[in-house]
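29 is the number of the first residue of the sequence shown in this note's numbering; add one for each residue after it.
These are computed hints drawn from the structure, not numbers from a lab.
Honestly, I wouldn't trust all of these hints.
[Stated by the list, open to error] Straight-line C-alpha distance at most 16 Å; calculated EDC-like pairs for lysine to aspartate or glutamate: (1) Lys-158 <-> Glu-38; (2) Lys-182 <-> Asp-109; (3) Lys-182 <-> Glu-46; (4) Lys-276 <-> Glu-249; (5) Lys-158 <-> Glu-46; (6) Lys-241 <-> Glu-257; (7) Lys-158 <-> Glu-51; (8) Lys-276 <-> Asp-265; (9) Lys-241 <-> Glu-213; (10) Lys-254 <-> Asp-363; (11) Lys-104 <-> Asp-345; (12) Lys-254 <-> Glu-367; (13) Lys-61 <-> Glu-51; (14) Lys-268 <-> Glu-249; (15) Lys-235 <-> Glu-257; (16) Lys-61 <-> Glu-96; (17) Lys-182 <-> Asp-78; (18) Lys-316 <-> Asp-78; (19) Lys-61 <-> Asp-30; (20) Lys-61 <-> Asp-188; (21) Lys-158 <-> Asp-146; (22) Lys-235 <-> Glu-213; (23) Lys-254 <-> Asp-265; (24) Lys-61 <-> Asp-109; (25) Lys-379 <-> Glu-367; (26) Lys-158 <-> Asp-78; (27) Lys-104 <-> Glu-177; (28) Lys-379 <-> Glu-46; (29) Lys-316 <-> Asp-76; (30) Lys-61 <-> Glu-177; (31) Lys-182 <-> Asp-353.
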Amino acid sequence: MDISAAVLREVGSPFAIETLSLEDPGPGEVKVKVAATGLCHTDLSVRDGDMPAPMPLVLGHEGSGIVEAVGPGVTKVAPGDAVVMSYLSCGGCPSCMKGVPSYCNHIFTLNFSGGRMDGTSPIHDYNGDKVHGMFFGQSSFATHAIANERNVVKVSNTCDLTQLGPLGCGLLTGAGSVFNVLKPEPGSNLVVYGVGGVGLSGIMAAKSLGVTKIVAVDRHESRLRKAHELGATHVVDTNKTDIVSGVKQALGGGADYALETTGVPMVIRAGVDTLAIPGTIAVVGVSKPGAEVPIDASTIIFGKRIIGVIEGDAVPDILIPHMVDLYERGQFPLDAITERYPLDAINQAAKDSEAGIAIKPILVP
Numbered sequence: 029m030d031i032s033a034a035v036l037r038e039v040g041s042p043f044a045i046e047t048l049s050l051e052d053p054g055p056g057e058v059k060v061k062v063a064a065t066g067l068c069h070t071d072l073s074v075r076d077g078d079m080p081a082p083m084p085l086v087l088g089h090e091g092s093g094i095v096e097a098v099g100p101g102v103t104k105v106a107p108g109d110a111v112v113m114s115y116l117s118c119g120g121c122p123s124c125m126k127g128v129p130s131y132c133n134h135i136f137t138l139n140f141s142g143g144r145m146d147g148t149s150p151i152h153d154y155n156g157d158k159v160h161g162m163f164f165g166q167s168s169f170a171t172h173a174i175a176n177e178r179n180v181v182k183v184s185n186t187c188d189l190t191q192l193g194p195l196g197c198g199l200l201t202g203a204g205s206v207f208n209v210l211k212p213e214p215g216s217n218l219v220v221y222g223v224g225g226v227g228l229s230g231i232m233a234a235k236s237l238g239v240t241k242i243v244a245v246d247r248h249e250s251r252l253r254k255a256h257e258l259g260a261t262h263v264v265d266t267n268k269t270d271i272v273s274g275v276k277q278a279l280g281g282g283a284d285y286a287l288e289t290t291g292v293p294m295v296i297r298a299g300v301d302t303l304a305i306p307g308t309i310a311v312v313g314v315s316k317p318g319a320e321v322p323i324d325a326s327t328i329i330f331g332k333r334i335i336g337v338i339e340g341d342a343v344p345d346i347l348i349p350h351m352v353d354l355y356e357r358g359q360f361p362l363d364a365i366t367e368r369y370p371l372d373a374i375n376q377a378a379k380d381s382e383a384g385i386a387i388k389p390i391l392v393p
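Turn these sequences into a full structure, and let the hints steer you where they fit.
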């Protein structure tokens, strides 16, 4: 079938809206009519060449929509079901079998190779040439996407699907890192470094758990205001205040827990330096290749823990319905952090995101 999609032809180029051909779903696959897709920092990292991926490519990995067709063997969903698409895992490797699919042995092939495990792609252009797809098992910067039944999560048809796409990756990562990894106790404190969509979802998760002090750290004043609205008790503007002294002053000491979303080495180091003894920092931000963070040996001796986290250690089929439930109960106000753009305004959405104008752009075909 014909679809409209945002295609990245080469590193550093703008997205171009093109008419492409999409195959029918194969065994275990699902065709989804996309309702909306979140624009994530990971998409922009691929665009800028910070994360390698083959070109031409259709990105997009925070999609939601309605199932239009299913391939042979699919039992999890049926045509007409509302779904959120998340990252793809194989289901059979040791990590998947242990219940930690975000550390799947095939995570890079399944999510970043631009095709299925066998190298094929369900997308072609009108010359019949291959366009790489299946990015995060979906490539949802399009009107329709082919996903796998493993990376679609059924949700209620009464939900506003245009708001739910970001639950599949960015917000899954932020909230999951708090719920599944840090697990802060009521009365504890948490510092969030970088309050874009990932950081703000971490703040909302922490608030729902009864964390007493939540400190938001960022360089965008508008995002700090939003963080305060959503549950941060203190903010640190890095344009005006040194990170370490600002955080310690806000807390009156060190941090019990921290969530680092920027991937910037000096911010990661500051996050470690502001930890209490003992304290834990979850690092989810993607750093540029070769980036290093110098850590003093006393960090280990005094019980400070640094944990790298992928996709919030989340099992999408468990965490996404939980976040949807929180959203419907008013405890996870997605509407407060999203900004909608038509798909053909994707380049403007990217500019607004990078400028801090839009916290979580959502692209609507």
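Discussion item. Lys-158 and Glu-38 were given as a pair; does the straight-line alpha-carbon distance stay at or below 16 Å?
Written reply: Holds, at roughly 14 Å.
Worksheet item: Between Lys-241 and Glu-257, does the CA-CA distance stay at or below 16 Å?
Response: Satisfied, since the Cα-Cα distance of roughly 14 Å is no more than 16 Å.
Worksheet item: For the pair supplied as a hint, Lys-254 and Asp-265, is the alpha-carbon distance within the 16 Å limit?
Response: With a Cα-Cα distance of about 13 Å, the restraint between Lys-254 and Asp-265 holds, given a limit of 16 Å.
Worksheet item: Taking only the CA atoms, is the gap from Lys-182 to Asp-353 under or equal to 16 Å?
Response: With Cα atoms ~13 Å apart, Lys-182 and Asp-353 stay inside 16 Å; holds.
Worksheet item: Taking only the CA atoms, is the gap from Lys-316 to Asp-78 under or equal to 16 Å?
Response: holds, 6 Å
Discussion item. Checking one constraint from the list: CA of Lys-61 to CA of Asp-188, max 16 Å. Satisfied?
Written reply: holds, 15 Å
Worksheet item: Quick one, are Lys-268 and Glu-249 close enough, alpha carbons at most 16 Å?
Response: holds, 10 Å
Worksheet item: Does the structure keep Lys-158 and Asp-146 at a Cα separation of 16 Å or less?
Response: The hint holds at about 14 Å.
Item to complete: Mind checking the alpha carbons of Lys-254 and Glu-367 for me, to see if they're no more than 16 Å apart?
Response: holds, 13 Å
Worksheet item: Between Lys-61 and Glu-51, does the CA-CA distance stay at or below 16 Å?
Response: Measuring from Cα to Cα gives roughly 13 Å; hence the hint holds.
Practice prompt. Assess, step by step, whether the Cα of Lys-182 is no farther than 16 Å from the Cα of Glu-46, and give holds or violated.
Written response: violated, 29 Å
Worksheet item: Quick one, are Lys-61 and Glu-177 close enough, alpha carbons at most 16 Å?
Response: holds, 14 Å
Figure legend: structure checked against the earlier numbered hints; hints not met, in rising order: 3, 4, 17, 26 and 28.
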